[in-house]
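2 protein chains.
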Amino acid sequence: MRTVYLNGEYLPEDQAKVSIFDRGFLMSDGIYEVTSVLGGKLIDFDGHAVRLQRSLDALDMKHPSSKDDLLEVHRELVRRNDITDGMIYLQVTRGNPGDRDFAYPPEDTVPTVVLFTQAKPGMADSPMAKTGMKIISIEDQRWGRRDIKTVQLLYPSMGKMMAKAAGADDAWMVEDGHVTEGTSNNAYIVKGNTIVTRHLGNEILHGITRAAVLRFAREAQMKVEERPFTIVEAQSADEAFITSASTFVMPVVEIDGAAVGQGTPGPVATRLREIYLDESRKAAV
Amino acid sequence: MRTVYLNGEYLPEDQAKVSIFDRGFLMSDGIYEVTSVLGGKLIDFDGHAVRLQRSLDALDMKHPSSKDDLLEVHRELVRRNDITDGMIYLQVTRGNPGDRDFAYPPEDTVPTVVLFTQAKPGMADSPMAKTGMKIISIEDQRWGRRDIKTVQLLYPSMGKMMAKAAGADDAWMVEDGHVTEGTSNNAYIVKGNTIVTRHLGNEILHGITRAAVLRFAREAQMKVEERPFTIVEAQSADEAFITSASTFVMPVVEIDGAAVGQGTPGPVATRLREIYLDESRKAAV
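Chains as they are written, first to last, in our numbering: chain A, 1 to 285; chain B, 1 to 285.
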């Protein structure tokens, strides 16, 4: 049984419970981060800590504790659960005001802080990196502030189920004719030596892995274009791939039934995955 | 201390807790209803039960119990908490699968069912019905399926705070130039003998109170136009008002700083409120 963290305590996972009046449960008034663990060390903890602060600020939520304290909780959970490879999930909500109201509770309401681990032995050697993913396109029905990493994940969850029903691995969401992102990852296409991915804005999550991968791509003398693209452009691209904290860089080989490039993982995605994993392991804390 | 209902048990409110792995807490994978109580009886319980089923069906969620059983829980909470006037909140989530995943959990995962009361003595005699509400307009940033009554209420919550900061009582949300609805209510304007309110669709909640009020309006020989309207049209209307399960019919007297009509509650809203309260009390169960 896992040990999880809840509001200052380390607890057996089946004893970790929050009030039915928690704002996270009643109003989806919460944000989260997922940090990967490779070889027992945290990947890009700083990046996730900065984005956590950004989400909190965007929602006028209090920061529950210092970055150093959060780092220590992450490390303690890795130790207690003996995690070599896996993820650490962190959620902060506006806390439990003791009743339900749309208006934010008083300033002194204590935020709820939850962290738990998910062991994924060998996650960096996922077989999917060799075969590539099949994705479908679906309409983007999410709210307008996707740059804030809130727990309002019902539509991405529905999207995963639509993909599953279609025999695919995931879905890319399309708004006004252009791809925004995947249900839990950023989306990319490759044309020659150029990587194309949607520009930052309120329409997509500002991926921590996205920032790192684009930096590595530029360092490797690849050209990066941050602009919207369509499903048709993606289907005729040389390659396609996604990035996220837990899948790293993952090739996409089929979009709405059409093979991308040769229908197998391409050299750019494969190379970027190697670089990302190498560099991330080196910088892990 | 209130007695609340959680998964078959009646509990003191401070002992009612859900797992941190509950889909409602982690993924906003839950729906809700709010039923009003007047004189110890439930207002339009049937309407709320039908909409609950509609929300569950839209999300492929299991119905947790029969309508009769739910009615009995509502009544038991009224009795145990000695509610004369107030609300009963009901939330159903996809339950606790024991871990976090975007994909829906196995079919046999037991839904989480929570109900609690909120006492509002004299709620039918709200002073605001005499003075009217001031509202501001804000952009509608919610997801695309507002007809499903999900707990994804962060943006409506933000909207209430924007209204508060502007010295107003609530906000109407605007999409593509037209009013969708209020943060927790449907929106109406009155022009002569005609009531205008947005048509049903995925863009707004299909209000139980809305359906009743439109029926009463037609029975009272008023004309009803279900179509979009703009903030400018609303500001120059004879009257404006909102409806919801907990505010019934509430006049709106100011929109973005501009007085509507005489800047006082108008005769149509006032009359509809009287009819709605009279008829609802008669039909209460």
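Keep in mind that the hints were calculated from the coordinates and are not lab data.
Nothing here was measured: the structure is a model prediction, and the numbers come from that model.
Possibly wrong hints are sitting among the right ones.
[To be verified] Quick list of simulated restraints, FRET-style, between CB atoms:
{"hint": "1", "chain 1": "A", "residue 1": "E219", "chain 2": "B", "residue 2": "L200", "range": "39 to 47 Å"}
{"hint": "2", "chain 1": "A", "residue 1": "R79", "chain 2": "B", "residue 2": "D82", "range": "45 to 53 Å"}
{"hint": "3", "chain 1": "B", "residue 1": "E139", "chain 2": "A", "residue 2": "R79", "range": "41 to 49 Å"}
{"hint": "4", "chain 1": "B", "residue 1": "G167", "chain 2": "A", "residue 2": "R281", "range": "22 to 30 Å"}
{"hint": "5", "chain 1": "A", "residue 1": "K67", "chain 2": "B", "residue 2": "D176", "range": "36 to 44 Å"}
{"hint": "6", "chain 1": "A", "residue 1": "P127", "chain 2": "B", "residue 2": "D46", "range": "32 to 40 Å"}
{"hint": "7", "chain 1": "A", "residue 1": "K130", "chain 2": "B", "residue 2": "D14", "range": "49 to 57 Å"}
{"hint": "8", "chain 1": "B", "residue 1": "E9", "chain 2": "A", "residue 2": "S236", "range": "55 to 63 Å"}
{"hint": "9", "chain 1": "B", "residue 1": "E76", "chain 2": "A", "residue 2": "V50", "range": "43 to 51 Å"}
{"hint": "10", "chain 1": "A", "residue 1": "D176", "chain 2": "B", "residue 2": "G263", "range": "54 to 62 Å"}
{"hint": "11", "chain 1": "A", "residue 1": "R281", "chain 2": "B", "residue 2": "E9", "range": "44 to 52 Å"}
{"hint": "12", "chain 1": "B", "residue 1": "G263", "chain 2": "A", "residue 2": "V50", "range": "47 to 55 Å"}
{"hint": "13", "chain 1": "B", "residue 1": "H178", "chain 2": "A", "residue 2": "R79", "range": "32 to 40 Å"}
[Unchecked claim] List of simulated lysine-lysine pairs, DSS-like, C-alpha gap at most 25 Å:
{"hint": "14", "chain 1": "B", "residue 1": "K62", "chain 2": "A", "residue 2": "K164"}
{"hint": "15", "chain 1": "B", "residue 1": "K17", "chain 2": "A", "residue 2": "K62"}
{"hint": "16", "chain 1": "B", "residue 1": "K67", "chain 2": "B", "residue 2": "K41"}
{"hint": "17", "chain 1": "B", "residue 1": "K41", "chain 2": "B", "residue 2": "K120"}
{"hint": "18", "chain 1": "B", "residue 1": "K67", "chain 2": "A", "residue 2": "K17"}
{"hint": "19", "chain 1": "B", "residue 1": "K17", "chain 2": "B", "residue 2": "K62"}
{"hint": "20", "chain 1": "A", "residue 1": "K62", "chain 2": "B", "residue 2": "K130"}
{"hint": "21", "chain 1": "A", "residue 1": "K17", "chain 2": "A", "residue 2": "K130"}
{"hint": "22", "chain 1": "A", "residue 1": "K17", "chain 2": "B", "residue 2": "K62"}
{"hint": "23", "chain 1": "A", "residue 1": "K223", "chain 2": "A", "residue 2": "K67"}
[Unchecked claim] Far from chain B by the CB rule (all over 12 Å, computed), these chain A residues:
{"hint": "24", "residue": "G8"}
{"hint": "25", "residue": "S28"}
{"hint": "26", "residue": "K67"}
{"hint": "27", "residue": "D69"}
{"hint": "28", "residue": "T84"}
{"hint": "29", "residue": "E139"}
{"hint": "30", "residue": "R142"}
{"hint": "31", "residue": "T150"}
{"hint": "32", "residue": "K223"}
{"hint": "33", "residue": "V224"}
{"hint": "34", "residue": "Q235"}
Glycine included, each C-beta is placed from N, C-alpha and C at the ideal position.
Against the structure, the hints come out as follows:
no.	hint	verdict
1	E219/A with L200/B: 39 to 47 Å	violated (54 Å)
2	R79/A with D82/B: 45 to 53 Å	holds (51 Å)
3	E139/B with R79/A: 41 to 49 Å	holds (46 Å)
4	G167/B with R281/A: 22 to 30 Å	violated (54 Å)
5	K67/A with D176/B: 36 to 44 Å	holds (41 Å)
6	P127/A with D46/B: 32 to 40 Å	violated (52 Å)
7	K130/A with D14/B: 49 to 57 Å	holds (52 Å)
8	E9/B with S236/A: 55 to 63 Å	holds (58 Å)
9	E76/B with V50/A: 43 to 51 Å	holds (49 Å)
10	D176/A with G263/B: 54 to 62 Å	violated (40 Å)
11	R281/A with E9/B: 44 to 52 Å	holds (48 Å)
12	G263/B with V50/A: 47 to 55 Å	holds (48 Å)
13	H178/B with R79/A: 32 to 40 Å	violated (55 Å)
14	K62/B with K164/A	holds (19 Å)
15	K17/B with K62/A	holds (23 Å)
16	K67/B with K41/B	holds (16 Å)
17	K41/B with K120/B	holds (13 Å)
18	K67/B with K17/A	violated (28 Å)
19	K17/B with K62/B	holds (21 Å)
20	K62/A with K130/B	violated (38 Å)
21	K17/A with K130/A	violated (40 Å)
22	K17/A with K62/B	holds (23 Å)
23	K223/A with K67/A	violated (34 Å)
24	G8	holds (14 Å)
25	S28	violated (4 Å)
26	K67	holds (22 Å)
27	D69	holds (19 Å)
28	T84	holds (18 Å)
29	E139	violated (7 Å)
30	R142	violated (5 Å)
31	T150	violated (6 Å)
32	K223	holds (33 Å)
33	V224	holds (28 Å)
34	Q235	holds (24 Å)
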